[in-house]
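Since the structure of chain A is already known, use the hints to place chain B on it.
Protein chains in written order, with my numbering: chain A, 1 to 70; chain B, 1 to 159.
None of the hints are false.
Below are the DSBU-like pairs computed for lysine-lysine, each with C-alpha atoms no more than 30 Å apart in a straight line: (1) A:Lys13 / B:Lys146; (2) B:Lys94 / A:Lys13; (3) B:Lys94 / B:Lys12.
By construction, these hints were calculated from the structure, which means they are not laboratory data.
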Amino acid sequence: MTTSLIGARVPRKEDYRFLTGSGQYTDDVALPGQTYAAFVRSPHAHANIRRITIDSCSGITPDLSCARAI
Amino acid sequence: MSLKVSMKVNGKPVSADIEERTLLVSFIRENLRLTGTHVGCDTAQCGACTVHMNGKAIKSCSIVAMQAEGADILTIEGVAHADGTLHPMQAAFKENHGLQCGFCTPGMVMNALDFAKQHPSPTEQEVRESLEGNLCRCTGYHNIVKSIMAGARAMAASK
Numbered sequence: 001m002t003t004s005l006i007g008a009r010v011p012r013k014e015d016y017r018f019l020t021g022s023g024q025y026t027d028d029v030a031l032p033g034q035t036y037a038a039f040v041r042s043p044h045a046h047a048n049i050r051r052i053t054i055d056s057c058s059g060i061t062p063d064l065s066c067a068r069a070i
Numbered sequence: 001m002s003l004k005v006s007m008k009v010n011g012k013p014v015s016a017d018i019e020e021r022t023l024l025v026s027f028i029r030e031n032l033r034l035t036g037t038h039v040g041c042d043t044a045q046c047g048a049c050t051v052h053m054n055g056k057a058i059k060s061c062s063i064v065a066m067q068a069e070g071a072d073i074l075t076i077e078g079v080a081h082a083d084g085t086l087h088p089m090q091a092a093f094k095e096n097h098g099l100q101c102g103f104c105t106p107g108m109v110m111n112a113l114d115f116a117k118q119h120p121s122p123t124e125q126e127v128r129e130s131l132e133g134n135l136c137r138c139t140g141y142h143n144i145v146k147s148i149m150a151g152a153r154a155m156a157a158s159k
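Here chain A stands alone, though its shape is the one from the complex:
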């Protein structure tokens, strides 16, 4: 009889790292110059958008930028 995986208990390969704290989740990544994105959403549940100004965030950090999308 050939070995079959169907119906068999298959040990998971990822368990060891998760159980020892060596898994790497997104928030565990630390790269040189790493930065974070922040999304600003409307604080109003129902409103008309007339304009979006991004001037206030430009210039805080020269290498970072703001983008807007509707």
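Chain B alone, transformed into the frame defined by chain A:
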């Protein structure tokens, strides 16, 4: 203002200059780069940040690092044996499929270790009650309960 904080983490003396408001979990994750301790909710509800402080399970997001000055801290990275062999509680989680995505697992294991020390032969009800402060968003509670019961028995047997 920054100040110096010193403690023992996983048996190793550590110290760093940190801001007074630094949470213990931030100190562990960011200063020591021990990222096995997780921040799930930041509000002391989920238990993903559970570590041992002087032998007792605590939520490291609910105290500032300064409060652990001079303390003995154990994180998930310090639980397995030095040769990499899993602790009986970790092994029980593996054998009983007590984890899926693994995010809550370090907190579950740290809490279970403290619980099992006090309940060497727990009932299912006691295990379920012990999980009050640990959330699993995969909702794998059934196997977590099985794992903790098996882990507690294995710990009691190995004494």
